[in-house]
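S.K.: The hints should help you fit chains P, G and L onto chain V, whose structure is shown.
Protein chains: 4
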Amino acid sequence: MALNVGVIGVGKIGQDHIRRLTETLPGARVVAVSDADGARAREVASRLDGAKVYAQGEDVILAKEVDAVIVTSWGATHAAYVLASIKAGKPVFCEKPLATKEADCSAIVDAEAAFGRRLVQVGFMRRFDPQYQAMKKAIASGAIGAPLIFQSVHRNASVPAHYTGEMALTDTAVHDIDIARFLLDDEPFAIAVRAPRRNRRAGDVADPLVTLIDMRSGALVVIETSVQIAYGYDIRGEVVGETGAVSLAETSDVIVKREGAYFGCVPGDWPERFDRAFDAEFRAWIAAAAKGGAAGSSAWDGYVATAATLAGVKALSTGAREPIKLRERPALYAL
Amino acid sequence: MALNVGVIGVGKIGQDHIRRLTETLPGARVVAVSDADGARAREVASRLDGAKVYAQGEDVILAKEVDAVIVTSWGATHAAYVLASIKAGKPVFCEKPLATKEADCSAIVDAEAAFGRRLVQVGFMRRFDPQYQAMKKAIASGAIGAPLIFQSVHRNASVPAHYTGEMALTDTAVHDIDIARFLLDDEPFAIAVRAPRRNRRAGDVADPLVTLIDMRSGALVVIETSVQIAYGYDIRGEVVGETGAVSLAETSDVIVKREGAYFGCVPGDWPERFDRAFDAEFRAWIAAAAKGGAAGSSAWDGYVATAATLAGVKALSTGAREPIKLRERPALYAL
Amino acid sequence: MALNVGVIGVGKIGQDHIRRLTETLPGARVVAVSDADGARAREVASRLDGAKVYAQGEDVILAKEVDAVIVTSWGATHAAYVLASIKAGKPVFCEKPLATKEADCSAIVDAEAAFGRRLVQVGFMRRFDPQYQAMKKAIASGAIGAPLIFQSVHRNASVPAHYTGEMALTDTAVHDIDIARFLLDDEPFAIAVRAPRRNRRAGDVADPLVTLIDMRSGALVVIETSVQIAYGYDIRGEVVGETGAVSLAETSDVIVKREGAYFGCVPGDWPERFDRAFDAEFRAWIAAAAKGGAAGSSAWDGYVATAATLAGVKALSTGAREPIKLRERPALYAL
Amino acid sequence: MALNVGVIGVGKIGQDHIRRLTETLPGARVVAVSDADGARAREVASRLDGAKVYAQGEDVILAKEVDAVIVTSWGATHAAYVLASIKAGKPVFCEKPLATKEADCSAIVDAEAAFGRRLVQVGFMRRFDPQYQAMKKAIASGAIGAPLIFQSVHRNASVPAHYTGEMALTDTAVHDIDIARFLLDDEPFAIAVRAPRRNRRAGDVADPLVTLIDMRSGALVVIETSVQIAYGYDIRGEVVGETGAVSLAETSDVIVKREGAYFGCVPGDWPERFDRAFDAEFRAWIAAAAKGGAAGSSAWDGYVATAATLAGVKALSTGAREPIKLRERPALYAL
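Heads up: the protein sequence lines correspond to chains V, P, G and L, in order.
Throughout, this note's numbering is defined as the position within the first sequence, counted from one, plus 31.
Throughout, this note's numbering is defined as the position within the second sequence, counted from one, plus 31.
Throughout, this note's numbering is defined as the position within the third sequence, counted from one, plus 31.
Throughout, this note's numbering is defined as the position within the fourth sequence, counted from one, plus 31.
Hints listed in this document are in silico derivations from the structure and should not be mistaken for laboratory results.
No copy labels: a pair is met if it fits in one copy or bridges any two.
Below, simulated EDC-like cross-link-like pairs (lysine to aspartate or glutamate); rule was C-alpha separation at most 20 Å, straight line: (1) Lys167 - Asp284; (2) Lys345 - Glu218; (3) Lys322 - Asp80; (4) Lys345 - Asp202; (5) Lys168 - Asp284; (6) Lys118 - Asp90.
Bound-form chain V, shown alone:
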């Protein structure tokens, strides 16, 4: 029996998730959609076999035919839809951020904890990437000893015109923060941000940034974000341990030799780099949601990511190391 999914927000990312659910993966169908732009909602629905269009996201959540919800609307609207989904007892996949305000994330955590079972999955796809999973496995094997430093590099060829300096933290480094927690099984407690010499391609945006996050264990996370680096979408990472280190391998399919050089390809952008991760993420979500639950990053993970990035935004403006004060973690999210 296929999982009947309702999608709130059918912009670029929403449509990509719909495509994945309907064309790439088995086990789900999209039966309801809504969008702030009603015409867009109708257009998207017309290409789906029998999907209804609803005026409001809340209608999608409450629709009888909807088993589970995907929230890919504008970030500021996420919290309300996720809370409504929990209230309706329906599994919900929410694109990052879980919410743009820490208090809203916390309310979601409270609501889900009160519900007593995970319903929320946050769209940090890196946890499903085969490379990061191999990295976590290598650490867990003891091959490098206890992890002490995580160097994470996040480079975009370019970013859209509406990108702001704060987004290097809230939209870009947020992925590195979540994966750092995943790899190190650790929580952040302080953050500092350094803005080196500015890339002239970045205009007014402070780019690149080097963000340092102190984890509770003492491990240090160093994140480089370079979002206008032209040459490609390049995700690098190395975890340095007491006796060894593990890093992400290059991903080029082939090596070409010509004109005095051998070369491999760097991915052009994130859909190419993380295609397999997105597949695995939704595969896991469909399986979990079909049983009424969730997989991958939890509401707690979404809460910590927002708390850490907002502390980072403050650190960027103060130039100081800012604490990341986390609320108590409900038992539902025990490691």
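M.R.: For chains P, G and L alone, kept in the frame of chain V given last:
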């Protein structure tokens, strides 16, 4: 509308294909199975939702509920099932070899040509591997000039006890031969096989082998098969052109540093190495079969593979360069 | 005519330099030695063809037969010998540090500037390493745009028992600081040091450290020092620019495949990793000293290295970002 | 005491060896030269400190001041000079080939065996290359089991106008043959040559070639020579064993990322690729010749190389596998 698939032969590989169709990919369901071992057929069917068990493969082909057929029975039985599928006008995916005898392959080619439309897809999954596709794309781009030599390396950690020396050609190098034709857009016309110093791990089997195939363009294909090399399943390849070369990159997800070395993983066996290729192969087959057709390697490709490997078997015993005499190619298979 | 060299301090590193001058490179011979341990001086001299033993380093410097001086004594004694060499108008190669105190370095700079010609070469061999030279060349070519960040990684398998936490800056990161200045053509103006979770193998020593240095251009240098990492001596580096990046390649001679992995070697220690750099360094020194001059890192470079590392030592204890206040640079050291 | 060297033939390669002896390495000086072009001999001598010019190579050999001889004249003249050197009891370094005729090589072997001590070193520099030495060490360690196949790839960006098809064997593959014997500790007994589709850049020259050599142990050597491949001078090699494999690593100093790719450099030509090997080769020769002997490839090795390449030239014209019939090996050359 899902494609209703009947599977003839539900041994290890058949079950793996069934798993892929029912759990991994959308668009198909398995509605009928048969196996020489009836108990096994019933056991496999019991795990599928509503699949019927038939006594004979022919019954599967003729079953009304079956839209398309997968043949994963014993190699010697392939030809009859494929011919019956063509006769029934049903798309058929046949594991390699298409047939163990050249005449049977030729009869299939004739039957399909007479039918007038491709129905047959042969299971050479490498054509769907992202790495080989990138290699073909690099050649087509002109980056290396005209291709002159293809060095292909096919290493297995070990092979089963029933493996014979001829199987290094018919079961192992057959993949390299098909991918050589795909990469070079060329046909083989002669084959020679060299048996170097024998690997003591291989017992009576002549292993490794170095096979040389002359292509019509003059390009030379050099295939190393090492089927007892212990360290892993390692598929390497390089196409050497007039001005450059292109080779398959290593596939390890991570690089670990410890104890004086950095290292990456070599795949353990083919299901791991070609998992993505199998996914893409069946994704393409489902899409094509749903329209009554086929994708990937054709009956003609299956015919040439069998003709070339049988000439190779002869060359292994004679020690001479043996011609690969190909019949005329029907227009259906025009490049 | 061979350059006649006097060597002050013939411990491990002094003996290694002597070996290089007498056995590996042409153009020099060692004619005089001294050491705080007179017996050791005599023992080393006995293995050299006609080298005299002097009681004091100053005697070596003043000896008529000595054309040029190598100072490889205990760090705290460097300044006096270098000053005496300048006074004697003789070229002097001084192992790092040029001096342990900033004022002593400054006095050397003054003396050499007054002398009016470079006589001093400081032993930062990395500037002669083919890999760093290729990196500098790539930056200079414009291939990566203006450099914004330099990530430098300095890992030792282990350090001697007398190694202290401050030495991670004064003995280890000092090399990264010098090479950063070389690569970026830039001066440091502030330094901060972070001590992550401690490696239990390091006992009381704060290890690893992450040091951040702000350069005048705004470029940021991030140095990881891990001096008890067990797996090898691993020197990594990447300069990140506006449109690209350049990093040091791995140095393994061969790749071995066995037991499920492919692997390359990591150097065991610095004599192995930088053997070619040491050769080139002394080759350049012999040529320059034969003409009465010096090559490579200058007294100014030695001064900045000491100033920066001492600011780093302070930063390690205060936890704050400390300024690196540099004196005015004499015209002799114009870039 | 420096080794006094006489050089016969001071063309491009002779001058390069002289530069290495006089500027790069310690322990030798060039005291005598001769050349078929007397003006060239005088010009070269004028740049050396006190080198005499002799009219004939034989005069160089007999000159009292000459301790050891380097033969870098035209290949066809090598044998006479080497024999004269043996007669004079002087160590002689001879560029490959030792002689262009098998009988001449054999006469040298006889003469040296009669002399009773090695005097002859043949210029196969690869034996001194750190990469091939690491490869031999890996094989000797047992890491890959007994060696079964050696795949050797020898690519030149281009070759001079006077290059002929036979030279792909006598001048190019001859290096691969010598290093194969070195790596495998084995002798060749048959050779076959395949000429694939011709590179249009190569004009009338049969290029590329694939040469197959059967070794006495049964190991198979497969040599690709591509001498007009444009992209660089690329020397690749992999020894395949019973349980593993070892291959030469890439040699690029840095990896640059820009414009959608990461890339490393391929050497431009052999002086760049084998610079360290030449240094080590002459370092070893100077040390050995100073003691009246020789290192590296022996007269026997030179003999086998010529015997094998001449059999290869025959095989290229006959298209058949040709035997490599080796004379008995004198005890002097016992492995």
